[in-house]
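Letter by letter, the chains look like this.
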Amino acid sequence: MNSAQLSNPVDNRTQILLRLLAIWQGLVAAGAAAGILLALVNPGMAVWTKVLFALILALAAVGSAFSVWLILRRDHRGRVLSLVVNYLAFLVCLLYGMQVLGIFLGIDALAGTFGRGLPFLLGLLVGYLVGAFGDRYDNYPQKQRFYRNAGKIIMVVFGAAALVAMGIFQGLYTLVTRFDNPLPFVLLLGAVLFGVMIWAMWRGPTAEVMGAKSTHAEMLNGLLFLSPNLLGFLFFFAGPLLLSLYTSFTNWDAFGTREWIGLDNYAKIFTLDVKPLDYPEQPWPEVLDATRFDELTRVNIFGKAYVLGAADKLFWLALRNTFVFSILAVPLSVIPALFLANLLNSKLPGMKFFRAVYFLPSIAAVVGVALIWQWLYNAAVGYINYAITSVVNFLNMFPGLTLVDPQVRWLSDTHTALLAVVIMAAWQWIGFNTVLFLAGLQNIPGELYEAATVDGAGKWAKFWNVTLPLLAPTTFFVITTAVINALQLFEQVYVLIPTEPPGGPNNATLSLVLYLYQKGFQRFEQGYASAVAWVLFIVIFAVTLIQYSRQRAGTKAYGG
Amino acid sequence: MKFKASSYRLITFIQKALVYIILTAFAYIMLFPFLFMFSTSLKYQTDTFRYPPRLMPMKQQTVEIEGYDKALPLYYVDYEGQRREFALVQTNIRIGTFADPNNPSVLHDRLMEEVEPTGGSENQATLLWDGEEEKLWDVTVNGKVISMVQLSQTAVGRFVDPADPTASVLQNARTSTPVELPTLRPENYSDVTQLQGLDRSLTNTALVTILVVIGQLITSVMGGYALARLRFPGRDQLFVVYLGTIMIPFVVLITPLYQLMVILGWVDKMAALVIPWIFTAYGTFLMRQFFITIPKEIEEAALIDGASRFQILWRIFIPASVPSLAALATFTFLYAWNSFFWPLVIINTGNRLNHVLTLSLSQLRGRAADNANLVMAGAAIAILPPMIIYILAQRFFVESATSSGVKG
Chain A
-7 MNSAQLSNPV DNRTQILLRL LAIWQGLVAA GAAAGILLAL VNPGMAVWTK VLFALILALA
53 AVGSAFSVWL ILRRDHRGRV LSLVVNYLAF LVCLLYGMQV LGIFLGIDAL AGTFGRGLPF
113 LLGLLVGYLV GAFGDRYDNY PQKQRFYRNA GKIIMVVFGA AALVAMGIFQ GLYTLVTRFD
173 NPLPFVLLLG AVLFGVMIWA MWRGPTAEVM GAKSTHAEML NGLLFLSPNL LGFLFFFAGP
233 LLLSLYTSFT NWDAFGTREW IGLDNYAKIF TLDVKPLDYP EQPWPEVLDA TRFDELTRVN
293 IFGKAYVLGA ADKLFWLALR NTFVFSILAV PLSVIPALFL ANLLNSKLPG MKFFRAVYFL
353 PSIAAVVGVA LIWQWLYNAA VGYINYAITS VVNFLNMFPG LTLVDPQVRW LSDTHTALLA
413 VVIMAAWQWI GFNTVLFLAG LQNIPGELYE AATVDGAGKW AKFWNVTLPL LAPTTFFVIT
473 TAVINALQLF EQVYVLIPTE PPGGPNNATL SLVLYLYQKG FQRFEQGYAS AVAWVLFIVI
533 FAVTLIQYSR QRAGTKAYGG
Chain B
15 MKFKASSYRL ITFIQKALVY IILTAFAYIM LFPFLFMFST SLKYQTDTFR YPPRLMPMKQ
75 QTVEIEGYDK ALPLYYVDYE GQRREFALVQ TNIRIGTFAD PNNPSVLHDR LMEEVEPTGG
135 SENQATLLWD GEEEKLWDVT VNGKVISMVQ LSQTAVGRFV DPADPTASVL QNARTSTPVE
195 LPTLRPENYS DVTQLQGLDR SLTNTALVTI LVVIGQLITS VMGGYALARL RFPGRDQLFV
255 VYLGTIMIPF VVLITPLYQL MVILGWVDKM AALVIPWIFT AYGTFLMRQF FITIPKEIEE
315 AALIDGASRF QILWRIFIPA SVPSLAALAT FTFLYAWNSF FWPLVIINTG NRLNHVLTLS
375 LSQLRGRAAD NANLVMAGAA IAILPPMIIY ILAQRFFVES ATSSGVKG
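Protein chains in written order, with our numbering: chain A, -7 to 552; chain B, 15 to 422.
These are computed hints drawn from the structure, not numbers from a lab.
Below are the DSBU-like pairs computed for lysine-lysine, each with C-alpha atoms no more than 35 Å apart in a straight line:
(1) B/Lys30 with A/Lys454
(2) B/Lys310 with A/Lys144
(3) A/Lys267 with A/Lys296
(4) A/Lys451 with A/Lys339
(5) B/Lys310 with A/Lys205
(6) A/Lys344 with B/Lys30
(7) A/Lys339 with B/Lys30
Full structure from sequences and hints, please.
As structure tokens, then:
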């Protein structure tokens, strides 16, 4: 021990810094504790934010206090703890400072001037290309260096020009004027202080004194590298997810009211009532409680009529439509895709071209695609009805046939509106599924087919006994993705069939997500919308689980 | 033997031909809506309502004739047994078909201004005809005036020869074939840009997409590297959590994320379109899956040489994973460029300055409901940029689709 200290003496500076760090962590702990008190007595905060703040600050306080003790004992965990607390506090100060200064909202202002800078950004690309051009001269280092430097200069010049064109000076000026109250100063000072403390703890000599090993460095690096993603993910994903669960038990209206109402939202969604009818045409208010229920459907069992009432009729309609859509759209986009992928796998020339063409619809915005199909579906001058009319006329040329042109009013007829959405969605998804199937097919080893040929298997036998079983993982993935997408049907309906409220003629195309949108963002019943969202999530989750277990059972059967 | 070989060749030829026919038919179905979009976006509005529909944008030709203040539309007419191009100078000329009650099988067509009501317009004489009281008209036939009943009436137009305006023909204007030439109307694009402020929407979308792609690449590469290569406690559990959350649909998040935006004051702001989308589990997962395939030896050698982790990531991992990065970038690009639900929720319909393209398009649908040409031009503006990038970098699009699950 003694000899180790002699050979590696702790220099004065590190000693002072470590003492400073211990004091700093003590101060942070005290500050966080004071913050808890302030948060708890603050009348302006909602209960759940109070709890959240107190919890975070308590963690910071305990962590800091504990790290003081550990730092004094030269325990490496103290270094980790101190670094983590200071890093998080640094981020909070920095990001909150940016928020206070309006830097995030500055994107709006940037959007106004961004167009002016765009041509210069193309210059950046040119500079990059010039630099990359130099790579061709691997044997002439001088030429290569020239091109690389020229590329760099072009990029710097155009980058600076782009910044100026986008109004960086104006932006900086606006930023300076925002420093008109102490808060940004305090936050920036905090960020600087925490940053200095991080540096003091991170630097090599301090790490050595604290007994850091290479695994520790790896761990800290790992946390540091993951932190942007993890923290953003927690803040924008995990946090809201929990908030959503909480909201689904409240009656929040997005403005003020937020009362805990327990399971009421879910109860309203699922409450159904079945009552016998005296005669099949009996009006439903005579048997159902008209203040709570609405007629959903009537059924006839053994000559006796019943009426099924629901507390939230639209939810059940939306659920039915969503299911019908999925049951139609998934096979319609998966089966042709499987067929096409098998054709494309036939090693004939030109297959890449067809693959590219089939994939094209899936890169287009659903909004744009829906606008196109809206005109294709046009009852009077649309191509789809024109095609039907042409086919009918052609068939009528055969003697004995007198088909009637249906003249379908695709988007305004309650019977065809959902079908119209199905066709459009399937059209857009086929190419994507084809590409997935094709990739799966190309993973199947060719020897298996050769073996099957030797065994005398025909094309169909090969397809059923070789292709399908080996393609099972791909099929599972394709179907799962398609079902999950289908259950989230929204944009297609919203744009293709514009009704107010959205949902198509007589709610014929009302999907669950559309219903959620109506409830949450048109009537601002956010609590109820959250409950609907969770029901949808459970449905999606259940579908995935069923498919997954089937899939496992299936592969086991094939394996045996 | 020989016969058998040739018939085998024939069968394979037919099979191949069949494959190409089916593939071409599907390709046509896949491409047709886009063809329709581009052709309609270059049409004149009147041309969009034509039935039967056609793809080629056409415009009716007009001609200036002295004595008429407006340009006159040209039609094909039958003139003295020839098919000629005549200009329509007058419409809604009414022609009556008359018949003598005593000789109803012979019909007489006369301009309505050439016939007179029998007995004057004040008290026109009538006749019981087919059980109904019909008015009688004085029609001149071969110089003789006969009282006739009117059987029907049509409206026709008068067409004249542009070269010789005295030569004229009466013909039904609605059933006449107009003289048309293929004519493009690229002004649709500028018109729709002005109508809906699409230029601003376009730069907004570009800005949002660029920021989201860059931000997501940075956080995904860093996070993926940490999850693939750096050991720290809880790493594998975290990875499982990441994997599980990929499955959670966005719709569950939409209400709470909206609430978070309310708290942050980002409602109706473009920050809401950018910042939350920089952090995704999917990108991190994708990069982790790729980084884990890079051999460890290179990294260890660099570490011994004293390289920092950032240097290793920048100098070794990123250059080695350009195709994966490109695949993630294209995936993110498409997602950001095409996203609609979230902008619809977070950006107010009145705040046009913050609209992205998809949002503007959904509004355009209502504003230009009868102008298919303008709507299609708008759709083309939204669809073209991804399409161009797709044509240039097709490989990465396909890779981003397949890397999402099949190969992983």
